[in-house]
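The whole structure should be built from the sequences, with the hints applied where relevant.
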Amino acid sequence: MNTATRDEPGLIGADPRRVLHPAAPGAHDLTALGAPPRVAVIGAGIAGLAAATGLAERGVTVELVERETYLGGRVGGWTDRLDDGTAVGMNRGFHAFFRQYYNLRRLLSRSDPRLNMLRPLDDYPLLDADGRRDSFRRLPRTPPWNALAFALRSPTFRLRDLGRIDPRAAAPLAAVSVPEIYYALDHVDAETFLHAIRFPAAARHLAFEVFSRSFFALPHRMSAAELAAMFHIYFLGSSEGLIFDVADDNFDAALWTPLREHLTRSQVPGTVTVHTGVRVTDIQRRGSSGFLVRDDTGAALDVDAVVLSTDVAALRDIVDASPELGDPIWRAAVAALATAPPFLVYRLWLDRAVAAHRPAFLAAGGLNPLDNVSILDRYEHCAANWARRHGGSVVELHAYAVQTDGRSAPPNDLRARLLARLRQIYPETARASIVGEATLWRQDCPRFAPGDFAHRPGIHTPDPGLVLAGDGIRVDLPVALMERAATTGWAAANALLARWGAAGHVLQTVPVQGRSRLLRRLATRKAHS
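If you count the sequence shown from 1, position 134 lands on 134 in the numbering used here, and the numbers rise without skipping.
Each hint should be verified, as a subset may be incorrect.
[To be verified] Label-pair distances were calculated between CB atoms; the ranges are:
no.	residue 1	residue 2	range
1	Arg265	Asp413	41 to 51 Å
2	Arg164	Gly26	47 to 57 Å
3	Thr142	Arg114	19 to 29 Å
4	Ala27	Thr281	48 to 58 Å
5	Thr273	Arg81	28 to 38 Å
6	Asp317	Asp130	40 to 50 Å
7	His220	Asp317	24 to 34 Å
8	Ile434	Gly277	26 to 36 Å
9	Ala201	Gly501	22 to 32 Å
10	Arg286	His455	22 to 32 Å
In short, the hints are calculated from the structure, not lab data. None of the values given here were measured: they were computed from a predicted structure. No residue lacks a Cβ here, since even glycine has one placed at the ideal position from N, Cα and C.
This is the structure:
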């Protein structure tokens, strides 16, 4: 691995210390060497699209199979209709495209080299139940000054709190190395860890709880190692800054329709065929080196290799129905994968505009059940057009890690409670009538609980022609959320390409260890004490 420089072709990012993970050399177009391999990529979320792109760019014939009628997985978008028949964009909710999402951005740049589909948000304030507000506006970009400035500027973190933190206990938080941080902290939950280092309670509830819930987890049910890795990725490991970008339109229009056109209109050496609305049921071996991928239409794809890039539940189901795959240890690891608690997205089309000074995105702490508020017409073309025609606003409310006591449906009063919170923090919305509304309830995000890391399956499997990808799949690099999905997708493609003597694709990450040698030495001493 090497530190990247700004003049390396094809690289994305501004941090001079971002890390380049070189790819294996080889052929750049397998079609020139004869009949290319044929691969089924099952699941067309970010991971599957990255894998399909990586394979097709080396001449592989790709069959991309997706059970939904749209691409993008949990970042997919589609067209819905309000009660009056108006067509509106709909998706699974807000996503932040951080600047350190290098591998995701390289995927998106295939169809939009300048990433014009992304636009920056200049701030995303955090608000708690006592009205205290944290902000990321105008923070320095360079670690550790970014995190220090945030802490000292925060109304929940006072100067004397800094002196109370146990530096030896907190050293792993500031001196992360991947994957070593998982060996040190994955057995501990995030809440216990933060209490042990004497992190101030108010700041813990506002800042860290907001971030843990972005993993759809409560702090006492989230791995402390994941929390530390996240702190490294977004704060002390990267100088890309803490401000992120958002898609400028519904995800289908902004992201995935252009990428699909790029992949299917002969702009890559390989051939990509997209099958939507098709659910894979099982996979059988074909001879000693191939597979039959069967779906719920009764059809079967005869392929040389398979990328399984589905969500956790679908992965478990397919493997369970495919007894020839893997070995007992691997199959047990897949069966043990679990999902995080469910979440709810509640989108409202209002007949009055939200006040102009409100931020486009607000994260909430201690304002249960509300986790964040998005004003979509501030950045999405489709929502902005609707708001302009009706003089209103399109607002989205999220509730993460909803406790359901085993029920499969959301609590009956959840939407009403979310609406009440909106009207509490943005009082002008109390005067607005709801022209349209849409609710999405899902439980399909991977769990990152204490102890999960050791048993999480990785990209490689006991079958050389079968690889895994997705944000729930283990990869020993400092990546998270959408970037983990993209990284595992590219890496899965690389694993198969190496079998056929084809060149892989370079990966980029934030540094794999903390930037401060002093803090790393302190963390090492603590680990051996």
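Structure-based check of all given hints:
About 49 Å separates the C-beta atoms of Arg265 and Asp413, a value consistent with the hinted range of 41 to 51 Å. A hinted range of 47 to 57 Å for the beta carbons of Arg164 and Gly26 is consistent with their spacing of about 55 Å. Our hint of 19 to 29 Å for Thr142 and Arg114 holds, since their Cβ atoms are close to 26 Å apart. As the Cβ distance of Ala27 to Thr281 is approximately 34 Å, the hint placing it in 48 to 58 Å is violated.
Hint check: Thr273 to Arg81, Cβ distance near 30 Å, so the stated range 28 to 38 Å holds. As the Cβ distance of Asp317 to Asp130 is approximately 45 Å, the hint placing it in 40 to 50 Å holds. Taken as a hint, the range 24 to 34 Å holds for the pair His220 and Asp317, whose Cβ atoms sit roughly 29 Å apart. Separation of Ile434 from Gly277 is about 31 Å and conforms to the stated range, judged on CB atoms against 26 to 36 Å.
Checking the proposed 22 to 32 Å range against Ala201 and Gly501 shows it is violated: the Cβ atoms sit about 57 Å from each other. Separation of Arg286 from His455 is about 30 Å and conforms to the stated range, judged on CB atoms against 22 to 32 Å.
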